[in-house]
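So you can see what is in the structure, the chains are spelled out below.
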Amino acid sequence: MALVLNEEQVMLKDSAAGFLREKATVAHLRALRDSNSEHGFSPAVWKEMAQMGWAGIAIAEAYGGLGYGYTGLGLILEQAGRNLSASPLQATVLVAATVIGELGSPQQKETLLASIAAGESLVSLALQEGSHHAPLNCAMTAQPDGDDFVLNGSKVLVQDASSADTFIVVARSSGAIGDEQGLTAFLVDAGTEGLAVERRMLVDSREASLLVLSNVRVAAANVLGAPGAAWPALGRALDIANIGLAAELLGLSTEAFERTVAYLKERKQFGRVIGSFQGLQHRAAELFAELELARSIVLQALHAIDDGQQDVSLLASAAKAKLCEVAQRATNEAIQMHGGIGMTDEHEIGFFIKRARVAQHTYGDYNYHLDRFAQLSGF
Amino acid sequence: MSDLEAFRQHTRDWLEENCPPSMRTPVKGFEDFYNGGRKPEIHHPDQKLWCDRMAARGWTVPHWPKEYGGGGLNKEEVKILHQEMARIGARRALDSFGISMLGPALLHFGSEAQKLEHLPKIVRGEIRWCQGYSEPNAGSDLASLATRAEDKGDHYLINGQKIWTSYADKADWIFCLVRTDNSGSKHEGISFVLFDMDQPGVTVRPIKLISGNSPFCETFFDNAIADKKNLVGEEGNGWTIAKYLLTHEREMISGFGAAAKKSVGQQAVENLGTDASGRLANSVLRQTIAQYQLDTMVFGATMARVGDEAKAGQGLGAASSIFKYYGTELNKRRNELNLAACGERALGWEGEAYNDGVLSRDWLRSKGNSIEGGTSEVQLNIIAKRVLGLPDA
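Protein chains in written order, with the numbering used here: chain A, 68 to 446; chain B, 71 to 463.
Rather than coming from a laboratory, the hints here were simulated on the basis of the structure.
We put the beta carbon where it would ideally sit given N, CA and C, even for glycine.
Warning: the hint list may mix true and false statements.
[Stated by the list, open to error] List time: in silico BS3-like cross-link candidates among lysine-lysine, alpha-carbon distance up to 27 Å:
hint : chain 1 : residue 1 : chain 2 : residue 2
1    : B       : Lys109    : B       : Lys185
2    : B       : Lys437    : B       : Lys332
3    : A       : Lys80     : B       : Lys381
4    : A       : Lys332    : B       : Lys455
5    : B       : Lys455    : A       : Lys335
6    : B       : Lys437    : B       : Lys98
7    : B       : Lys136    : B       : Lys191
8    : B       : Lys402    : B       : Lys332
9    : B       : Lys145    : B       : Lys191
[Unchecked claim] Partial selection, computed: residues in chain B whose CB lies under 7 Å from chain A:
hint : residue
10   : Arg356
11   : Leu364
12   : Val368
13   : Ala374
14   : Arg375
15   : Leu450
16   : Pro461
[What the hints assert, rightly or not] Over the 12 Å line for every Cβ pair with chain A, so calculated as not near, a few chain B residues:
hint : residue
17   : Gly142
18   : Arg157
19   : His178
20   : Ile197
21   : Thr250
22   : Ile280
23   : Glu304
Could you put together the complete structure from these sequences and hints?
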């Protein structure tokens, strides 16, 4: 597939940009934060997104989606990154639907994906346990008991946990910490006995909570895929999730950069606009080059998913590592170049650096993915 | 069979028949390519044979129109030709500044007579060209060039000095920026002329670089003569052509590092080994190499994207400036990492043990990549001003 957008994709991108610029901006995020909103996003705006088909944008038409592929979803996520739009696009559409698509039986896909695509269901993946993304180090236990499994342990960074009706909980039904074998993904209803959500808001004003499971009983029918065999399909889903996060970070970094360049043209010191200083010009120009490069790897990675290429893992780690690096640089430079006003809560630029670090961390940061990139490259 | 499939079959058969086995081996380095000219450097007797056979079909420059000696192939056919050449490991038959730089400028700005006169000789490798741009006091600030061209009716009389003239000692003709008018701004009054280097008024002196090689020369003009019919474009309009050509040059320089075979990471593993987890034994070097290889992959994706955008009729305005800046910086990083990954083996200067010092000489040569064709700093100025719209100081 050529590394350009087709007409349909350009239209999708434009309509997403238009909608989010109006309905889910940084100002809206600030209002959600300051009102201590229950969901961390606006259910009304989410309903509109779902009506436009965004909830099923990457889901196949056979399962009730629009079938625009991950390139289509990536375009929307990029615009969500530009506007810092809070919504279930990440937790449910990008991550949970992908895990179900990669791991679920045809029947599970038929029911679950259709209800996600219709905007009726919010699902969230509960994976991480420690301070860092390390999926094989899963220690939550899933003890077989008759036809059921009994789950014990806790999970952090569970996005939109207070709004989700279903969780995909990854637990170990056999094997030792570090093993691929023995990981099982369970569908757990939010109301299940023994499951508790400790609501946590992160620095980006979005919910990513603690989930505690104490003797939670899950029927074998609610195992996603086969018991003990969630990996490597889960790994594939995580690759896709990271590419989606890279798309969001691309939008976020581009917006932070453009706002910064606009500020350089407006702020005056020493009798002239600060953008005329070569010390700042070269840093801005370098960042521009980095952003152009970042855009290419995100597009290539999105296409690789939709084309079913073999090297998605390598591209996923490349895209995520690169976008972590660029987002970090773009947001740090944004604060520095805005000077004192960039340090104030009143100014919007601070929201970008906060969301960037959470998105960077989610499912593996720069260090994780650069290490993995090197491993996959054979050294 | 479709036309393209038939073309592929025909091309495959012809290459099989006509490409000498010695020309199906990789070139040793950049300087091992055949450049043609009146006094060609022959590293292997088959180089000229291979060039002549390809040139007879116009396939040394397959995308140029047939009336100027080119192959007249469309994009798809050119792609097939390259694929079929790659299939048998065939070398490019001819590599020259005539093909990569002067040709595109003549096709764009030259008169019909100039195209008919000069392009076929480039295709056949008969005339080797060099570029007369930089001067001792006009490097990054190229438009300050002072080489004078005096109007003598049917010809110009040229006086002045050029520097960093690539392979001037091996070239037959020069395309040269000269000043025909001093009255306006520095960008005005520059003209683009072509003339024969084989005349009494031209003196060439090679410059020995830190790499020990001499790819560049100083070139002196003392009443050198350029025929008026070899003025390209209007008199005083040379800067437009120069900018157009610099774009081609920047794309070429940014691609210098692209031909690498074994990854730096693999070379490092061969020299330093791995730990129990399979990771390169030195974790500090591993991280630096990983960053480099990541950026190389991302840069490759960008070249592909810009190529696809150009095909789709879109385009990235400052692409060539990004490429020049980023590509050359990447190439310098690669060469530094070669040294770090190969250690003593990369420090040799000559002899078989060190493969004639290719690693160390390439490393030293790469330092010039971010200077020639517009320094990295000039590229950043261009991006800041033309793309980002930041004001002058």
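Query raised in the report: Taking each numbered hint in turn, which are not upheld by the structure, reported in ascending numerical order?
Result: Structure breaks no hint.
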